[in-house]
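Please construct the entire structure, taking both the sequences and the accompanying hints into account.
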Amino acid sequence: MTHKPGLDRNGKEVKRGDHVRLLHIRPSILKRLAGSEHSDVSSMLNQVLEVFDVYDDGLVWVSLSWQREDGSTEFHSISVDPDAIELVRK
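Reading the sequence shown from the start, the letters are residues 0 to 89 in numbering that gives the first Met the number 0.
Warning: the hint list may mix true and false statements.
Unchecked claim - Okay, derived cross-link-like pairs now, BS3-like style, lysine-lysine, Cα gap no bigger than 25 Å in a straight line:
id : residue 1 : residue 2
1  : LYS14     : LYS89
2  : LYS3      : LYS89
3  : LYS14     : LYS3
4  : LYS30     : LYS89
To be verified - If you anchor each label on the Cβ, the simulated ranges turn out as follows:
id : residue 1 : residue 2 : range
5  : GLY70     : ASN9      : 32 to 42 Å
6  : LYS11     : GLY70     : 31 to 41 Å
7  : ASN9      : HIS75     : 17 to 27 Å
8  : ARG8      : GLU68     : 10 to 20 Å
9  : GLY70     : GLY10     : 23 to 33 Å
10 : ASP55     : HIS75     : 20 to 30 Å
11 : HIS23     : ASP69     : 17 to 27 Å
12 : GLY16     : TRP65     : 12 to 22 Å
13 : LEU44     : LYS11     : 16 to 26 Å
14 : THR72     : LYS3      : 28 to 38 Å
15 : GLY70     : LYS3      : 37 to 47 Å
16 : LYS3      : ASP69     : 38 to 48 Å
By construction, these hints were calculated from the structure, which means they are not laboratory data. Cβ coordinates follow ideal geometry from the N, Cα and C atoms, glycine included.
Right under this line is the structure:
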């Protein structure tokens, strides 16, 4: 299997550690979530997020963490389609 680069909606290559704006979240992702998880992931929309990983097939993952009132940290990562992200900075 050959390595495919992760791409944004403009065809620019994105790599782990780059920052992208999340323009769309797949409805199938949101449909599986409830309560605070749904709120957290929904709040990622239109934010600039760090690329968490890029799989060999070019699938891009972004992530964000939230501090909870009890001092704990919640972390969510989602896979995104190329048309759902726009490279902001390397």
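A quick look at each hint next to the structure:
This hinted pair checks out: LYS14 and LYS89 have alpha carbons roughly 8 Å apart, not beyond 25 Å. Proposed proximity of LYS3 and LYS89 is supported: the alpha carbons are some 18 Å apart, at most 25 Å. Pair hint LYS14 plus LYS3 holds up; C-alpha atoms about 11 Å apart against a cutoff of 25 Å. This hinted pair does not check out: LYS30 and LYS89 have alpha carbons roughly 31 Å apart, beyond 25 Å.
For GLY70 and ASN9, the Cβ-Cβ distance of about 40 Å falls inside the hinted range of 32 to 42 Å, so the restraint holds. Taking the beta carbon of each, LYS11 and GLY70 are about 38 Å apart, inside 31 to 41 Å as hinted. At roughly 25 Å, the beta-carbon separation of ASN9 and HIS75 lies within the given 17 to 27 Å, and the hint holds. One distance hint, 10 to 20 Å for the beta-carbon pair ARG8 and GLU68, is violated here, with the actual separation near 36 Å.
The hinted range of 23 to 33 Å is not satisfied by GLY70 and GLY10, whose Cβ atoms lie roughly 42 Å apart. At about 23 Å, the beta-carbon gap between ASP55 and HIS75 stays in the expected band of 20 to 30 Å. Restraint check, HIS23 to ASP69: a C-beta distance of roughly 32 Å breaks the suggested window 17 to 27 Å. A beta carbon spacing of about 21 Å between GLY16 and TRP65 agrees with the range 12 to 22 Å that was offered as a hint.
Take LEU44 and LYS11: their Cβ atoms lie about 20 Å apart, and the range 16 to 26 Å holds. At about 32 Å, the beta-carbon gap between THR72 and LYS3 stays in the expected band of 28 to 38 Å. At about 40 Å, the beta-carbon gap between GLY70 and LYS3 stays in the expected band of 37 to 47 Å. Taking the beta carbon of each, LYS3 and ASP69 are about 41 Å apart, inside 38 to 48 Å as hinted.
Against the hints set out earlier in the document, violations occur for numbers 4, 8, 9 and 11.
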